[in-house]
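Chain X: place on chain F using the hints.
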Amino acid sequence: MTTPRRPDPGKRLALLVLIGPFTLLLLGVFVVPVVVTIYLSFFSTVYEGTGFGTARTAFVGLRNFVMAVGDPEFLSGLGVIGIYAAIFIPLALGLGLALALLLDSGLAWARQISQTVLFLPHAVPGIIAALIWLYLYTPGLSPVLRALGGADIELRVLGDPLLLPGIVNISLWSAVGYNMVIFYAALKAVPDELLEAAAIDGAGRIRTALTVKVPLIRGAVVTIGMFAVIGALQLFTEPMLLSQASPAVGTRFTPNMYVFDAAFTRNNYGLAAASALVLLVVCCLLSYAVVRLTNRGARR
Amino acid sequence: MTAATLDRSASRTRPPTPVRRRRTGPVGGRPHWSSRAVVNVLVLLAVLYCLGPLLWLLMASTKNAEALFASNLFSTEGFALLGNIRQLVTEADGVYLRWYANSLLYAFVGAAVAALLSVAAGYVFDKFAFRGKRALFALVLVSVMVPPTVLALPMYLVASTLGVVDSIWAILIPVLFNPFGVYLARIFSQGYVPDAVVEAARVDGASHLRTFSSIGLRLMAPGYVTIFLFQLTAIWNNFMLPLVMLSDTDLYPLSLGLYTWNSQATITPLYYQLTIIGSLLALVPLVVAFLFLQRFWRSGLTAGSVKS
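Read top to bottom, the protein sequences are chains F and X. Read in order, the letters of the first sequence correspond to residues 493 to 792 in our numbering. Read in order, the letters of the second sequence correspond to residues 338 to 645 in our numbering.
Pulled out of the complex, with its shape left as it was, chain F reads as follows (with noise of 0.2 Å):
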């Protein structure tokens, strides 16, 4: 149906009212900010003559980029997420393969219920998950430290070292019910033939599900290790609400912090733009290794 057999002036029409919106907004939000970004980053602030001078914006090649990369607080912002997200994606990708292959297993009772539930924590809004998690960490009020306090444990989750760790609990918190209920739709599209095959062979229920089952859906681990990737790289709300309660959450603790705190703090916009667009390519290139290692994988 898509070629028609002549001119047809009312596809002209029906395409500039049904898509004619969307492009407006794709070029608007999307295509123009970008090329702003690219813009700016080549511009900084200079001073002409010595000290408070005339304000002018000039054109200074690759420098913004030069003192991001070189900025040893950029640097650490990126340590922090490498940190991260060496704990998290793991976790988060382990977890809710591991709860949703308990589900496909036959034995758990009352999937739906369950399956509802590990899903709610994704209904909270980020900040919200990150208010009740500060909550359960800051002493005097939460129980679970106070429950500890009375064993004699003391535990600081808002200072080092386990302050990485607690940031990684709020995202695993919202993010493993998630994953559960993709790999578990991904699990229900395993063909039995292959699992009564595997039973034949008599294989068991654990090696089953590491060797059939797992292997099958790996289409969908790749997919979430991507997103959990590119989540990982954009981590702000977790410690931005943290750092109004925590001396070590500083105002340029992740990349992301570090863009803002630069575009709306320093109200230095070419090192803002700098340092987003090297989140963006560090971005895009580990969401390239994570496709290209998942694949080779396969292919031995």
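No lab work stands behind these hints, which were simulated from the structure alone. A couple of the hints might just be wrong.
[Said to hold, decoys possible] In silico negatives: residues of chain X with every beta carbon more than 12 Å from chain F:
| # | residue |
| --- | --- |
| 1 | Gln424 |
| 2 | Thr427 |
| 3 | Glu428 |
| 4 | Gly431 |
| 5 | Ser504 |
| 6 | Leu588 |
| 7 | Ile613 |
[To be verified] According to the in silico footprint, chain F covers these stretches of chain X (three or more CB under 8 Å from chain F):
| # | segment |
| --- | --- |
| 8 | 382-394 |
| 9 | 438-445 |
| 10 | 466-477 |
| 11 | 542-555 |
| 12 | 559-571 |
| 13 | 614-620 |
We put the CB at the ideal spot given by N, CA and C, even for glycine.
Okay, now just chain X, sitting in the frame of chain F:
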């Protein structure tokens, strides 16, 4: 289009992937009671982990300030739910209700329009051929991958050039853009709207637009609801965009309002109470939407991730 076909399509919320129900698996013979116990204990632990923090929020919301910091969580001493709510809605001349209304406005209006635009665009990507279609769709996919936070500063600058910073338009316009919704809508259009039906309508003399509005849109209704829900959640959760765009507290959505209250809590502990009860009530629309429209969430999740 008969009523029967419409009904069938409406109840068919998941995209037509070959999904089969499997009851208890035949694998591995009769399970030993101990493996059954292990599986259920593990699932139960996960359920408790997911439910615990929400339960705490619920209990903490009923406590007065002293009980919040002192007493046993499950004791009824210091029960002050109504008092807390009264304090919440009267604080700063009812600013919380304002934030609530703002969130409802941004989320419901934004998601309704965004879902309509997404469904129309997805339908076009599926059913029409036009110059530059591949390039445009590639751009849509790229925009799904680019983190929104990268765009926050330039969006602010564009908005400030247009003079809409610190107005509802600074929130309402960006949230209409939902590339992932377009991607989903294209899948839904392929699944729900048979080419033959569209062709038949065209042969009967219906215009393209009329075919979309009376056939495409109707058949894609479940897909519309799914995309609406996703966008509703995304807007309700949105934190960075309002943080960047708004400075007038009267325009704040709940996320930003609760964030500012929390920042005052370390100085004035009264705000702990307000933030806790405020968070609980802010969850209600999403949790209700989620519980009652679960199948739509599920179909969107699986269509978006498994089929790709």
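Does the claim that Glu428 of chain X lies off the interface hold, with its Cβ farther than 12 Å from every Cβ of chain F? Its Cβ never comes within 12 Å of chain F, the nearest being 17 Å, so this holds.
Are all beta-carbon distances from Thr427 of chain X to chain F longer than 12 Å? holds, 21 Å
In terms of Cβ atoms, is chain F entirely out of 12 Å range of Ile613 of chain X? violated, 7 Å
Check whether three or more residues of the segment 614-620 of chain X sit with their beta carbon closer than 8 Å to a beta carbon of chain F. Since three or more residues must qualify, the claim that chain F covers the segment 614-620 of chain X holds, with 3 doing so at under 8 Å.
Three residues or more, CB to CB closer than 8 Å: is that satisfied between the segment 466-477 of chain X and chain F? holds (count 5)
Check whether three or more residues of the segment 382-394 of chain X sit with their beta carbon closer than 8 Å to a beta carbon of chain F. holds (count 9)
Do three or more residues from the segment 438-445 of chain X put their C-beta atoms closer than 8 Å to C-beta atoms of chain F? violated (count 0)
Is the coverage entry for the segment 559-571 of chain X by chain F consistent with the three-residue Cβ rule at 8 Å? violated (count 1)
12 Å Cβ clearance of Gly431 of chain X from chain F: holds, 20 Å
Taking a Cβ-Cβ distance under 8 Å as contact, does the segment 542-555 of chain X have three or more residues in contact with chain F? Contact hint for the segment 542-555 of chain X vs chain F: holds, 4 residues under 8 Å.
Please settle this one: Gln424 of chain X was flagged as non-interface, so is its CB more than 12 Å from every CB on chain F? Nearest chain F Cβ is 18 Å from Gln424 of chain X, so the label holds.
Taking the shortest Cβ-to-Cβ distance between Ser504 of chain X and chain F, state whether it exceeds 12 Å. holds, 16 Å
Going through the hint list in order, the structure does not satisfy hints 7, 9 and 12.
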